[in-house]
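Student: Residue numbers (the working numbering), protein chains in the order written: chain V, 7 to 265; chain R, 7 to 265.
Since the hints were derived computationally from the structure, they do not count as laboratory data.
Fair warning: this is a prediction, and the values are worked out from it, not measured in the lab.
Be aware that one or more of the hints could be misleading.
Copies of one chain are not kept apart here, so a pair can be met inside one copy or by any two copies together.
In silico SDA-like pairs for lysine to any residue, Cα to Cα no more than 20 Å straight-line [said to hold, decoys possible]:
1) LYS218 <-> ARG163
2) LYS8 <-> VAL26
3) LYS54 <-> ASP194
4) LYS147 <-> ASN255
5) LYS189 <-> TYR245
6) LYS218 <-> VAL35
7) LYS157 <-> ASN255
8) LYS54 <-> ILE108
9) LYS250 <-> GLU158
10) LYS189 <-> THR243
11) LYS30 <-> VAL156
12) LYS250 <-> LEU154
13) LYS8 <-> VAL156
14) LYS191 <-> HIS137
15) LYS157 <-> SER253
Each chain, written out:
There are 2 protein chains.
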Amino acid sequence: MKILVTNDDGIDSAGIAALVNSLKEIADVIIVAPSEEQSAVGHGITMKYPLRVFNYRKNGTFFGYAVEGTPADCVKMGIRNIMQESPDLVISGINHGSNTAINIIYSGTVSAAREAAIMDVPAIAISVTSHEATDFRYAAKVAKMLALKVKEFGLTRGTLLNVNVPNFPEEEIAGILLTKQSKAKWDDIYEKRTDPYGRDYYWLTGNLIDIKDESDTDQTAIKNKFVSVTPIHFDLTDYDTFEKMKSWNIENLINEKVN
Amino acid sequence: MKILVTNDDGIDSAGIAALVNSLKEIADVIIVAPSEEQSAVGHGITMKYPLRVFNYRKNGTFFGYAVEGTPADCVKMGIRNIMQESPDLVISGINHGSNTAINIIYSGTVSAAREAAIMDVPAIAISVTSHEATDFRYAAKVAKMLALKVKEFGLTRGTLLNVNVPNFPEEEIAGILLTKQSKAKWDDIYEKRTDPYGRDYYWLTGNLIDIKDESDTDQTAIKNKFVSVTPIHFDLTDYDTFEKMKSWNIENLINEKVN
Numbered sequence: 007m008k009i010l011v012t013n014d015d016g017i018d019s020a021g022i023a024a025l026v027n028s029l030k031e032i033a034d035v036i037i038v039a040p041s042e043e044q045s046a047v048g049h050g051i052t053m054k055y056p057l058r059v060f061n062y063r064k065n066g067t068f069f070g071y072a073v074e075g076t077p078a079d080c081v082k083m084g085i086r087n088i089m090q091e092s093p094d095l096v097i098s099g100i101n102h103g104s105n106t107a108i109n110i111i112y113s114g115t116v117s118a119a120r121e122a123a124i125m126d127v128p129a130i131a132i133s134v135t136s137h138e139a140t141d142f143r144y145a146a147k148v149a150k151m152l153a154l155k156v157k158e159f160g161l162t163r164g165t166l167l168n169v170n171v172p173n174f175p176e177e178e179i180a181g182i183l184l185t186k187q188s189k190a191k192w193d194d195i196y197e198k199r200t201d202p203y204g205r206d207y208y209w210l211t212g213n214l215i216d217i218k219d220e221s222d223t224d225q226t227a228i229k230n231k232f233v234s235v236t237p238i239h240f241d242l243t244d245y246d247t248f249e250k251m252k253s254w255n256i257e258n259l260i261n262e263k264v265n
Numbered sequence: 007m008k009i010l011v012t013n014d015d016g017i018d019s020a021g022i023a024a025l026v027n028s029l030k031e032i033a034d035v036i037i038v039a040p041s042e043e044q045s046a047v048g049h050g051i052t053m054k055y056p057l058r059v060f061n062y063r064k065n066g067t068f069f070g071y072a073v074e075g076t077p078a079d080c081v082k083m084g085i086r087n088i089m090q091e092s093p094d095l096v097i098s099g100i101n102h103g104s105n106t107a108i109n110i111i112y113s114g115t116v117s118a119a120r121e122a123a124i125m126d127v128p129a130i131a132i133s134v135t136s137h138e139a140t141d142f143r144y145a146a147k148v149a150k151m152l153a154l155k156v157k158e159f160g161l162t163r164g165t166l167l168n169v170n171v172p173n174f175p176e177e178e179i180a181g182i183l184l185t186k187q188s189k190a191k192w193d194d195i196y197e198k199r200t201d202p203y204g205r206d207y208y209w210l211t212g213n214l215i216d217i218k219d220e221s222d223t224d225q226t227a228i229k230n231k232f233v234s235v236t237p238i239h240f241d242l243t244d245y246d247t248f249e250k251m252k253s254w255n256i257e258n259l260i261n262e263k264v265n
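Just chain V, with the same shape it has in the complex (with noise of 0.2 Å):
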């Protein structure tokens, strides 16, 4: 099995590392990772800039393929130039810091998988559910459970898994499951300061608003410290609504007498 990791907090994180130490014992592991920490920058990738990729050294050894750029394009550099065909699987993380309900949509982490999942190629998206967590060795064992897993039963083309595991001691670890996104959202709250210039300037903080009486999502299960595996796709369309808005009559539209 061939496997391409990649990630949104930089090739030098501790959370990549412990991915690959344990991915190793199954399968041959290729590393493009971002050169410098690129969290939250959602699904961009790099067209207005040339993309640079550099060899990456860890202990005087070589470690992985090192891109100046966002984790999607790691993903579209490392299958389209470094590897030059697809790999079996695509795992981004272990992110520090959960990508739950809607963080989803913000996380570099999850948006590397979700470009493998546009390219045909099966994914996996894994986070330790703490920006201070040091240990990722339990996180890493699941990514290793869960990569066999895909490669017993497959992956559904387009899909790719959303995983969110608990920073605690596997021991305390209360189980596995299966979720859906939850609907919980941020309360931005924009903190305004002045700068030693006299300009303002403001920085983005806010709290992840839960939702009461969610049963089954990804935010239900790390509460309750149950690891989370979400499936998740990149079609967008509204189907729901797309029904609905027929009675909108759009086509008419067109022949509307509108200055």
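Please arrange chain R on chain V, whose structure you already have, making use of the hints.
Tutor: Frame of chain V, contents of chain R only:
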């Protein structure tokens, strides 16, 4: 009606000016847009750096607020900080170049409208299908007509309309169609070059590969000179795969003996 207008081409683009002119006939318009072009940034938000906001003047008069950030930043900042209330509608555009099929994922224009939908504000993203477009009058009229439709019928919470207008004069437009997101994807090509210092770099290029037998998609509509209107949402759960994956019994993984 209060409409917040943003885009990804930047506050000084011709597309946003045409949109604002048209919408002013039916609404109070507040403009909060990126100070610089932000194409293909996806749903990135600014968290590592502070955000700055400037008053942007055009021909000596105040035009709108310029944000040194992404389109999604503009919507958050516009609603939370500048307006401090929800507008009736957010419109993002008019973008140079089509946002159909998989491009929806990469698009800053669509992500701005999606950010509004996340904040429970009805939203429209609108694009003209050519990067060389110079006449935005018909697209601006379509935006106005659809704004009135949204006012009349309302829009499901969390749904936005992604609109693509063929780059032709009004009299050559074939009609307006309700569509679904096409499955068409890019065949990515990285063009390798060498800089004056002997170092390699890569430019991303490629072609969108059409799907042969799609009938009711955004891609098919614009190819046939129809305006395309696609309802999209941000629930990324793949419900079909969710059902299929029940047979994986992942809850048993917790007991598997893997080192």
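Student: None of the hints should be skipped; say for each whether it holds.
Tutor: Do the hints match the structure? See the list:
1. In this homomeric assembly, LYS218 and ARG163 come within 20 Å of each other (Cα to Cα) only across copies, at 18 Å, whereas the closest approach inside a single copy is 33 Å.
2. For the homomeric pair LYS8 and VAL26, the shortest alpha-carbon distance inside one copy (12 Å) is at most 20 Å, but the shortest distance between copies (51 Å) is not.
3. Within a single copy, LYS54 and ASP194 get their C-alpha atoms only as close as 30 Å, which misses the 20 Å cut-off; across copies the closest is 15 Å, which meets it.
4. Taking the shortest alpha-carbon separations for LYS147 and ASN255, only the inter-copy value of 17 Å comes in at or below 20 Å, while the best intra-copy value is 53 Å.
5. In this homomeric assembly, LYS189 and TYR245 come within 20 Å of each other (Cα to Cα) both inside a single copy, at 18 Å, and across copies, at 15 Å.
6. For the homomeric pair LYS218 and VAL35, neither the shortest alpha-carbon distance inside one copy (41 Å) nor that between copies (36 Å) is at most 20 Å.
7. When the C-alpha separation of LYS157 and ASN255 is checked against a cutoff of 20 Å, the pair qualifies only between copies, where the shortest distance is 15 Å, while the shortest distance within a copy is 47 Å.
8. Within a single copy, LYS54 and ILE108 get their C-alpha atoms only as close as 28 Å, which misses the 20 Å cut-off; across copies the closest is 19 Å, which meets it.
9. Proximity of LYS250 and GLU158 under a CA criterion of 20 Å is satisfied inter-copy only: 14 Å between copies versus 40 Å inside one chain copy.
10. Taking identical chains as interchangeable, the C-alpha atoms of LYS189 and THR243 lie at most 20 Å apart whether they share a chain (17 Å) or sit on different chains (11 Å).
11. Proximity of LYS30 and VAL156 under a CA criterion of 20 Å is satisfied intra-copy only: 16 Å inside one chain copy versus 53 Å between copies.
12. Proximity of LYS250 and LEU154 under a CA criterion of 20 Å is satisfied inter-copy only: 17 Å between copies versus 42 Å inside one chain copy.
13. Taking the shortest Cα distances, LYS8 and VAL156 sit within 20 Å of each other inside one copy (13 Å), while across copies they are farther apart (49 Å).
14. Taking CA atoms no more than 20 Å apart as the test, LYS191 paired with HIS137 passes inside one copy only; the shortest distance there is 19 Å, against 34 Å between copies.
15. For the homomeric pair LYS157 and SER253, the shortest alpha-carbon distance between copies (14 Å) is at most 20 Å, but the shortest distance inside one copy (45 Å) is not.
Hint violations for this structure: number 6 only, all remaining hints satisfied.
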